[in-house]
Amino acid sequence: MPSGVDASILDRRLVFVTGKGGVGKTSIAGALAHLAARRGKRTLVCEMDDKGSLADAFDVGKLDFEPREVEPNLFAMTMNTEDALKEYLRLFVKVPFIGRVGPLARTFDFLADAAPGVREILVVGKLCYEVRERHYDIVIVDAEATGHIVSQIGAPMVIREMAQVGLVRDQTDWMLDVLHDRSVTGVAVVTTPEEMPVTETLALLERLERETGVAPTVLMANRVLPNLFASRQRVVADRLAEAMPLLVDGAGEGVRAVLEAARITDVRRQIGVGHLDRLRAESDLPILTVPELFTRATGRRVVTLVADALDEEMH
Amino acid sequence: MAGRRATDRADLQALLAAKEMVLVCGSGGVGKTTVAAAMAVSAVTEIGGRVLVLTVDPARRLADALGVGHIGNDATLVPDSAFLDAGVEPRGELWAAMLDTKAGWDDLIRLHAPDAKIREAVLSNSTYQNVASRFVQSHDYLAMERLHELHASGEYDLIIVDTPPSRNALDILDAPRHMKEFFRSWLLRWLTVPYRSRLFTMASKPFYQIADRILGSRFLQDIAEFFMLFQAMEKGFVRHANEVERLLADPRTTFVVVSTLEAAPSYEATYLARELVRRQYHLGAIIANRVLPPSMSAKTSSTSARKLVKAAGGELTDQVADELGVSPDTVREVLVEIGTRFHDVAVVATREAERRSELSELCQLLVAAPMLDRDVNDVADLLELAAHFTE
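These protein sequences, in sequence, are chains D and U. My numbering applies: residue 1 is where the first sequence begins, and numbers increase by one. My numbering applies: residue 1 is where the second sequence begins, and numbers increase by one.
Be a bit skeptical, because a hint or two may be false.
[Unchecked claim] Straight-line C-alpha distance at most 20 Å; calculated DMTMM-like pairs for lysine to aspartate or glutamate:
no. : chain 1 : residue 1 : chain 2 : residue 2
1   : U       : K299      : D       : E253
2   : U       : K102      : D       : E211
3   : U       : K307      : D       : E211
4   : U       : K310      : D       : D249
5   : D       : K51       : U       : D174
6   : U       : K307      : U       : E358
7   : D       : K51       : D       : E82
8   : U       : K299      : D       : D249
9   : D       : K51       : U       : E93
10  : D       : K51       : U       : E245
11  : U       : K180      : U       : E245
12  : D       : K41       : D       : D137
13  : U       : K307      : D       : D137
14  : D       : K51       : U       : D344
15  : U       : K307      : D       : E242
16  : U       : K299      : D       : E260
17  : U       : K307      : D       : E253
18  : U       : K310      : D       : E253
None of these hints come from the bench; they were simulated from the model.
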């Protein structure tokens, strides 16, 4: 893979990490942020839902809207519509009485529920704002899943169509400047080598640029199983069961489970290879591979291991 | 083992026979859609009756597996041939439908609009059109609404709902309450006041002053009109949401929580199961999906793996090579690889066993289904998966 612009996702200043639910978006986003910070970039990583998985990834109790330094150079925050609204009103509308904005925020919540794009534009606006103001060298977003990401980063375009005049309309212009500049904004789509995640990834690739104007940058294949055998070895491995009595005699009854484990791993690996081939056939984007970690650890340990794997892939 | 199979022991088949509505929940990526379809297929072959599976899966995959060309908002009958090809005789009928958010909203509007004028005004309002196709949270409510409608139709003996992927697993439980709150909110009344009573001007409201500056007045007017139209339908919507809410607690309803035994899904499944119990809903089963066989976490297996590595290159290698008629070098390589790699799998299996026992404390019925060797492509594959549910 040539180390062109496409592979250098960390050279962007705003990176959305998306993918089907359960593929490991948060670990990848955390690892990218860790890597960026390790390379000396002042980094912000932001979780878009309030599930708290990003806090778990860094083993910190709870994250807030106010970014907090979780590692040297690495700041983490969680998005919150009400706080984003308050900040927006303070910065742009110059509403003087921020203290009394509480009921307005609740009001806004309902409005935002009903008016598509309003909530999204606030949170996407907050991210673009951090990029525009250069508060950080890079902003990495643990974004919504494939099903919701289009309405999230497509919000500025939708709003621009809907709101003919007004402050928001003016502001969509600079947001779109940030989002539509390929040297500034990138999208990493995470998948596992399984049928549905790959299918959803392909469906997203088809829609993303058309409906949001934001181009996908790189694909990340997470939890890729190791290749156990060369083809010459696989022929033998597949026939080992024929010698089961000998093996049980030599290594004990437990050898059945050992052979079964190898068989399962190998079969799953083969299925996965097929799905990744499908991805390669239908997309020209570079694919970075993160191996299955087989670790019992969670949290920071996982972030470090994934970061190491990505580091190797990106060199 | 046979002695333990007492008749009073709960199993999934008994659950499906006893209930009329099954809500399949769990975090994204754990195989909810496939599990829901497998339960439906197995109910049709084992129990019979008219069974409907309501899915949110937009991919054609489930339609292909069931042998129907397309699954839409209206229920489609799965042809008998799909079962006969799998070597089984269906005892009843299997129907499949897919949740279509836009069509679902349109149906609700038609149902609740007090007259044709309001109905047409809502359907053609541009804010409504945006809301209906993009209002993400409404997926949950519509899934429940659809369940209510299908159950009330009296056409099915069993309805299995594959719930939408939510940001939060509880969204589905809270959906009816959110819908009611929306209609009862003072905001809705407040927003619509200027239109109902011209005594107030928009400019007199501080909210409008601010909102106007931010959003622009045309946008706001369109939204306000939408809210006003919506308020005309309050009664119907609230009454319906109450009925939908009651459906969750109905004794004929049960929840099945699906999870893999990985960290994040298990955590969410635990949370969801506890919340179901706290709210006194019926938690019928937890299905641990794609699990490794328990034998892989057994100590004897690890011991054998080590012996295999140690024995490689020695007498055992030669014996095996002899038996298979292949090169001893290749046998040695393979045995070392298999023995060494086993540790990786054992680590995962041990972790899974621990989570499995944690989950089993939350529900009287915990079912484990293994990772299948292939993707699910037809009814036979679904039945193979379902066979593990009743083991």
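Pairwise hint evaluation, E245 (chain U) against K51 (chain D), where the allowed Cα distance is 20 Å at most: The hint is violated at about 25 Å.
Straight-line alpha-carbon gap K51 (chain D) to D344 (chain U), limit 20 Å: 29 Å, violated
Proposed proximity, D137 (chain D) with K41 (chain D) (alpha carbon, max 20 Å): Within the cut-off at roughly 6 Å; holds.
Distance restraint between K299 (chain U) and E260 (chain D), which requires alpha-carbon spacing of 20 Å or less: Roughly 15 Å separates the two Cα atoms, so the pair holds.
20 Å Cα cutoff - pair K180 (chain U), E245 (chain U): 10 Å, holds
Hint consistency between K102 (chain U) and E211 (chain D) [alpha-carbon to alpha-carbon, up to 20 Å]: Judged against 20 Å, a Cα distance of about 18 Å means the pair holds.
Pairwise hint evaluation, D249 (chain D) against K299 (chain U), where the allowed Cα distance is 20 Å at most: Holds, at about 17 Å.
Holds or violated: K51 (chain D) to E93 (chain U), with C-alpha atoms at most 20 Å apart: At roughly 40 Å apart (the allowed maximum being 20 Å), E93 (chain U) and K51 (chain D) break the hint.
K51 (chain D) paired with E82 (chain D) [C-alpha distance capped at 20 Å]: Holds, because 16 Å separates the two Cα atoms, which is no more than 20 Å.
Pairwise hint evaluation, E253 (chain D) against K299 (chain U), where the allowed Cα distance is 20 Å at most: 11 Å, holds
Holds or violated: K310 (chain U) to D249 (chain D), with C-alpha atoms at most 20 Å apart: 14 Å, holds
K310 (chain U) paired with E253 (chain D) [C-alpha distance capped at 20 Å]: 16 Å, holds
Against the hints set out earlier in the document, violations occur for numbers 3, 6, 9, 10, 13 and 14.
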